Structures are given as C-alpha cells and as structure tokens.
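Respectively, the protein sequence lines represent chains V and A. Taking our numbering, the leading residue of the first sequence gets 47, the next gets one more, and so forth. Taking our numbering, the leading residue of the second sequence gets 648, the next gets one more, and so forth.
Hints are computed from structural coordinates only; laboratory data are not their basis. Only a predicted model underlies this, so the values are computations on that prediction, with no experimental measurement involved. Hints are not guaranteed to be accurate.
Claimed, not checked - Pair by pair, the computed Cβ-Cβ distance ranges are:
| no. | chain 1 | residue 1 | chain 2 | residue 2 | range |
| --- | --- | --- | --- | --- | --- |
| 1 | A | G662 | V | Q130 | 42 to 48 Å |
| 2 | A | W926 | V | E100 | 55 to 61 Å |
| 3 | V | G421 | A | W926 | 53 to 59 Å |
| 4 | A | A673 | V | P127 | 52 to 58 Å |
| 5 | A | A689 | V | R319 | 56 to 62 Å |
| 6 | A | W705 | V | G322 | 50 to 56 Å |
| 7 | V | R114 | A | W926 | 46 to 52 Å |
| 8 | V | E100 | A | L818 | 29 to 35 Å |
| 9 | V | Q130 | A | G693 | 27 to 33 Å |
What the hints assert, rightly or not - To give an idea of the chain V side of the interface with chain A (calculated C-beta under 7 Å), a few residues:
| no. | residue |
| --- | --- |
| 10 | A67 |
| 11 | T176 |
| 12 | D200 |
| 13 | S204 |
| 14 | L258 |
| 15 | W260 |
| 16 | R306 |
All residues carry an ideal CB built from backbone N, CA and C; glycine is no exception.
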Amino acid sequence: MVVRPLLPAILVPDEQAWTMAGVDVRAAGFEAAAIPAAASVLAGPALIPASLVEALRGMWDLMGEPRRLEVLGDPFAAGVPLAQVLEGHAGMDHGEDAGMDHGEDAGMDHGDMMEITGEPSRDGLVMEATDVTLGPLSPALPTGLMADLSLDGDVVASCRVHATLEARRDALAPRAWAAATGDSVAGERIVAVELERALSHAAWLRRFAQLLGWPLLADHAGDAVAALLAEASESIDFDAARLALEASRRLVESRAFRSRTAGRAVIDVAGARALGLTGPIARACGAPEDARCRDAAYAELGFEPVIREAGDAAARAEVRAEEAVAAVDLAQGALGAELPAGRRWTVEGPRGAICDGTTPGAAQAVALAGGLVIGLEWSAALAALASFDLSPWKVRPDARRGAHTVRTSQGAAR
Amino acid sequence: MSNWTPLAILGLALGGAWAVVCIEQAVAGARVAPALLIRRAAEQLGQPLAVPAGRDAWLYHLAPPLLLVAAVVALATVPWAPGFRGVDLSTGAILFSAALAYVTPAVFMAGWGAGGPLAVLGGFRFIALMLGFAMPLAMVVTAVAAPAESLRPAAIVEVQHAVPMVVVQPLAAALFVPAAMAVALLAPFDLATAPTELGGGAFSQYTGLHAGLIALARKILVLAVAGMTAALFLAGWQGPFLPPAIWMALKTGAVVGGMLWAGRRLPRFELERLLTLAWVVAIPAALGVIVLAGLITLLFYR
Numbered sequence: 047m048v049v050r051p052l053l054p055a056i057l058v059p060d061e062q063a064w065t066m067a068g069v070d071v072r073a074a075g076f077e078a079a080a081i082p083a084a085a086s087v088l089a090g091p092a093l094i095p096a097s098l099v100e101a102l103r104g105m106w107d108l109m110g111e112p113r114r115l116e117v118l119g120d121p122f123a124a125g126v127p128l129a130q131v132l133e134g135h136a137g138m139d140h141g142e143d144a145g146m147d148h149g150e151d152a153g154m155d156h157g158d159m160m161e162i163t164g165e166p167s168r169d170g171l172v173m174e175a176t177d178v179t180l181g182p183l184s185p186a187l188p189t190g191l192m193a194d195l196s197l198d199g200d201v202v203a204s205c206r207v208h209a210t211l212e213a214r215r216d217a218l219a220p221r222a223w224a225a226a227t228g229d230s231v232a233g234e235r236i237v238a239v240e241l242e243r244a245l246s247h248a249a250w251l252r253r254f255a256q257l258l259g260w261p262l263l264a265d266h267a268g269d270a271v272a273a274l275l276a277e278a279s280e281s282i283d284f285d286a287a288r289l290a291l292e293a294s295r296r297l298v299e300s301r302a303f304r305s306r307t308a309g310r311a312v313i314d315v316a317g318a319r320a321l322g323l324t325g326p327i328a329r330a331c332g333a334p335e336d337a338r339c340r341d342a343a344y345a346e347l348g349f350e351p352v353i354r355e356a357g358d359a360a361a362r363a364e365v366r367a368e369e370a371v372a373a374v375d376l377a378q379g380a381l382g383a384e385l386p387a388g389r390r391w392t393v394e395g396p397r398g399a400i401c402d403g404t405t406p407g408a409a410q411a412v413a414l415a416g417g418l419v420i421g422l423e424w425s426a427a428l429a430a431l432a433s434f435d436l437s438p439w440k441v442r443p444d445a446r447r448g449a450h451t452v453r454t455s456q457g458a459a460r
Numbered sequence: 648m649s650n651w652t653p654l655a656i657l658g659l660a661l662g663g664a665w666a667v668v669c670i671e672q673a674v675a676g677a678r679v680a681p682a683l684l685i686r687r688a689a690e691q692l693g694q695p696l697a698v699p700a701g702r703d704a705w706l707y708h709l710a711p712p713l714l715l716v717a718a719v720v721a722l723a724t725v726p727w728a729p730g731f732r733g734v735d736l737s738t739g740a741i742l743f744s745a746a747l748a749y750v751t752p753a754v755f756m757a758g759w760g761a762g763g764p765l766a767v768l769g770g771f772r773f774i775a776l777m778l779g780f781a782m783p784l785a786m787v788v789t790a791v792a793a794p795a796e797s798l799r800p801a802a803i804v805e806v807q808h809a810v811p812m813v814v815v816q817p818l819a820a821a822l823f824v825p826a827a828m829a830v831a832l833l834a835p836f837d838l839a840t841a842p843t844e845l846g847g848g849a850f851s852q853y854t855g856l857h858a859g860l861i862a863l864a865r866k867i868l869v870l871a872v873a874g875m876t877a878a879l880f881l882a883g884w885q886g887p888f889l890p891p892a893i894w895m896a897l898k899t900g901a902v903v904g905g906m907l908w909a910g911r912r913l914p915r916f917e918l919e920r921l922l923t924l925a926w927v928v929a930i931p932a933a934l935g936v937i938v939l940a941g942l943i944t945l946l947f948y949r
C-alpha cells in the first residue's frame, strides 16, 4: 500500500459521515486533526445544514490562522453554502462565539459556569456542578448529535441526547434506505445492504477507537474501511476487508477493550423489548431482533443473527464487530448468486430496521442513551454514549407518506 | 557550562523536537508528513496572540511559556556526552524532577485559564495524575542515583559502565517509564489532553503562537524524559565502537520510539484505574525500590 502524506484537517461532517456518503477523505489527502489548532484546513461540504452554522464558525475560530477551506463534495442534500458562512465571519477575536467551539459553553464566566450545588457526590464531597453542551460538531459525537450534560466533578449527573439533523432518510445508511424504498433484485440488494453494514460498523469502530485513544484498533478498522470503500461491489478486496475486520474483532474481545466498556450503560432484554429497540443495540441484550431472519434470501445464505446477552457497551461493540465480518461473508456469498426474490419492505440497516420509511426504535435509542450514562466518569460516559452508534438524523414525520408514495407508484407500474 | 551552553541546548531542543516528530510519524506509519506538521507549528509561531475574553488571561498567557521553560530545563539536565552535559549540577537528577514538577502547574494554568469545562477538566485530571506519579518518579531517580553515590546524572551514566541500570534495577525502570510518559503527556496517559474525549483538554483553546509554543514544548518534553531514561537506565552515552554522542542519540531515539509505539498499542487509561495503580501499586513499589537500591549498592557497588 502506498503511504502518502496526509494533512491534518477539521472534517465537517465527521469522517464516518463522509465514509457513508462514499467519500474517502484519506484518499483526498486529509486526516482528522487531533485538535482544531493542529489543522490548517477545514475540509467540508458545499452545503451545510443551518443547525451546524454557529458551531462551524466556532470551530473555524479555534483553528487559528493560517487556515483555508477545502470543499470535498456534498454529503448534505440541502443547506447554506459553506464558503459564504465562513466568509462573513471575522474569526480570531476568540470572543463570545468561540464559546461554541467544541460546543462547550467556554465563553461564559466561571461564575455562570459553575455553581455550588451543595449536594454531596458519591464520594461524599460537595462538588461544583458544571454544565457541558457537546455537539453538534464535537469530535466525541457524530456530527449533528448533541448532548446536554451536567457534571458533578467529572461524573455525569444528568445527560440528554438529541439529534439535530432532519431528512426523509438517514444519510448514514443511504444504501439500506434505497433498498428499503426501492425494488431491487434480492442478490444485489443483499450485497449493497451487507457491504454498507460492514462499512458502517468499521467506520463506527474506527471512531470509537479514536475516542478510546487506541490507534492500533483505529488502524485496523481504518484498513477495513479503506478496503470496503471501493467504487463498485465487484472491485472490493473481500479478503483484505475480512482480515482487517477479524483483527478488529479480536481487539474488541480483548481485555484492554473490555476494561473500558464492560458493564457500562446496560440495557436488559425486557427494557429493550418494551421500548421497541432494534438493531445491534437490541441484539446485544439478547433480543433476536433482526429483519433478516424473516427474509428467504438470507435464509438461503445461511444467515444467523449475532446475539450477546450482556447488554452493555462491550456487548454492543462485539455484536457490531462480529456482524461486520459476517456481513462481508454474506455480501460475497450473495454476489452473483441466484436467490429467491420477494418484495421486502423491511430492511435491516446498520442501526436497525428500516420499515415503511421509518426507523422503529431509533428515536427511543436516542432518548434512552443519555439516561444510561448517568453516574459514569466523563471518559466512561462518552464511550458508553458512543457505543450506541446513534444517528444524528431524525427521519421526518412525513417520510412515511413519502415512502408510501414511492411504493404504490412502483406497484402501479408493474 | 560555557557561554555556548544556552545556544547548544536551544539547538538540541529544536533539532530534537524535529527528530521526535519524525519518529512519531514513523511509528504511526507515516500518515502525516513531518514537514507539514513543522510548517504548521512554524506558521503558528509567527501569529499574533489571540486575546481570550472572559478568562483568566494571565494564567492563559503564561502557561505555554512555563511549559516550554520546564521542558527546556529538564532537557538541559540530561547528560548527552562526556563533553556536553548541558547544566552539569551535582544535583542534576533532582533538578530534572523539579523541572518536570513545573509541567503540572503549566497544564493546570492552561486549562483553568481557558475556562471551558473540558479544558478545566483536563487541568484537574493532570493534577490528580501527577499527585500520584510525581512521587514514584522522584523516588526512582534517587534509587538509581544510589549506586553512583551521586545525584549528578553524568556520574549515574558512568557507574553503568559494566551493567546498565535497567538490568540491575528492572523494577525501577518499570516504574520510571510510565511515570515519565505521564509527565510528558504521552498516550496512554494523555488524560489531560485527550484529543477526542476532551477535544484537546487543557490545551484545546489555544491557537496561533500559543499553540505553536505548546506543540514545541511537548516535543522537547518527550525528548527530555526519553533522554533521561536512556541516561539513567541504558548507560547513556556508553557503548562500543560508536562515538558517545551517537550512542546517546540512538538510545534516546529508541526510547522515544518505544514510548510512542506503546502509546499506540494500548487504549487510554481511565483516571480511576490509573490513580489506583499509582497509589496502590506504584508508590509502595517505589519505596521498595529504594530499599532494594540500598541493598544493591551495599552488596555490589562498594
């Protein structure tokens, strides 16, 4: 593999979002910078959703001179032109709006920021409460996701997570959505959906490894992403992808990984069923929720859902790591295979079921995640939040009708 | 110490920082060209100071230079070669620990001065970490000095002419290296500056000149602790065939590479786990190391 120099850059949206939009930012010569000041380039889309504008300006300030903007393509369908947003912005004053920098309320006085709560924390000390707003451009969360936290020392006292981006479909799983709303041949559909699942899980794992500060795991996951980011499904190097994903999976099952994730943010199977959770989150607590189980084509390929019982952050990561390997096998098996057809309107996307233009369980997962990190120390809380792989995209309420229209028009055409 | 010493140390600091960046990139698989990083830092050094609004401006401005001074003083105490020892004090090993002690206020001032919750959290994390790790660091230095019966780093290098200290006192080395990595803000002990987790933590708000100074100071700090590790445990400049300075450079480079490599192989520690390790394991073990060092000195070095 040719090693070429990469330029540290601020990536907007984050690397995972670019990956899922099919853009290889590393091939374009950029690598996510560790901190904004280390970046001299902001690599962004042509259009930026209005909800990200303010945070983006704060980020631009934090980079400091010299800096430039590089437009990479467009993972967002609509929004304000990015160049305009930054042009009209003075920057460098480091003043009030620099407070939006990592989404922290940094511009506020200490007096406003911290107040004595008078309530003893778990170690019996009276601590100062600190409010922290993460996102929508925090490196610790997917771009567009926000978390309002209140800290008691360095322990999370309250947390509320919400998604700020809205669309008809989740931009982090475009191929699964296309399969759910379109009418494609079973084989092609499975190849597309499974490769997207492997790519999504690998991109998530790379991000998670970066959060844990573990370059070894991030490198393996990154190798898998690079192998899976081919132009066409036929040109994908399945062996390289499988090798990298297997290496990632072994690290996910290692003691070092479990020491940061085991026993964190536990969901029990009854709770998951009651909330109607789907996808890896549900499967990690023992609920065999998988739309693929009811698909004849998948049965032909010998599909078995990946289940874990523990329901904690470690189990969620294990489910994704194992599913990614299985997805590569399924995709390779389905490539050019004769599979039973059949119209299926429920597709199992990387984060769970996509059914009739909605994502059942997705909103519930976002609402649930915040409450589960209460009582965890900051780094543990962030890792636990990341383990849910929440999407920053809210699927619009009218999406149901939109999907329905597509479906009936196709039905009529047939 | 001659009139040229300050200039020599400055040259060593700048050249060494460049070397550390190159080793860092080599360990990371050369994903980023060193020249690009150096250019970024150089560009930043030419930028005006950004004025923080509503923050503790004095602490904010003073932190980067303090970090740089602490790093350069620590570097100056490292014995590089018989003829070049920077600041050659009879208490050089203590000065090294004392200089590193100033890294703690520098990091905390940076975090508190910036005032963002995550920056403050980074500062507090570093204080907690250093309360636990500064003591084993200083205790191990005295244990290593015992066989030489001198706190002069050059004397400690000379006493290793037959056997390197890492063979004589392996436990001391095992305690020194992680503590040194923690002081130098290296992964997996980089809790104060955790890039994704705290978005840069204590240093997250700095831009321009400040950011350039911090980047430079951190590289010099890595060089200083690696150089001292090579001097205290790997017999410093001593070795066959090659000139002393080359031996020292090779050993220091290997220690830098080893530290950075280890940082990539392990996920970042959590604070609680690390503090438990420091107070329950490292400090009692360091006390044991001192006792052992006394016994070793009496039995083998007299």
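Quick check: does the Cβ-Cβ distance between A673 (chain A) and P127 (chain V) fall within 52 to 58 Å? violated (40 Å)
Using the Cβ atoms, figure out if E100 (chain V) sits within 29 to 35 Å of L818 (chain A). violated (53 Å)
Within 27 to 33 Å: is that where the Cβ-Cβ distance between Q130 (chain V) and G693 (chain A) falls? Since the Cβ atoms of Q130 (chain V) and G693 (chain A) sit about 29 Å apart, the hinted range of 27 to 33 Å holds.
Within 46 to 52 Å: is that where the Cβ-Cβ distance between R114 (chain V) and W926 (chain A) falls? Check passed, 48 Å falls within 46 to 52 Å.
Assuming the hint says 56 to 62 Å, is it satisfied by the Cβ distance from A689 (chain A) to R319 (chain V) or not? holds (59 Å)
Interface hint status, S204 (chain V) versus chain A (Cβ within 7 Å): For S204 (chain V), the interface hint is violated, since the closest Cβ of chain A sits about 14 Å away, which is over 7 Å.
Does the closest beta carbon of chain A sit nearer than 7 Å to the beta carbon of L258 (chain V)? holds (4 Å)
Interface hint outcome for T176 (chain V) [beta carbon to chain A under 7 Å]: With Cβ-Cβ at 5 Å, under 7 Å, it holds.
Restraint: W260 (chain V) near chain A, CB-CB cut 7 Å. Satisfied or not? Status holds, d = 4 Å.
A range of 53 to 59 Å was offered for this pair. Does it hold for the Cβ distance of G421 (chain V) and W926 (chain A)? violated (23 Å)
If you take the shortest Cβ to Cβ gap from D200 (chain V) to chain A, is it below 7 Å? holds (6 Å)
Is the distance from the Cβ of W705 (chain A) to the Cβ of G322 (chain V) consistent with 50 to 56 Å? holds (55 Å)
Taken one by one, the earlier hints fail for this structure at numbers 2, 3, 4, 8, 10, 13, listed in ascending order.
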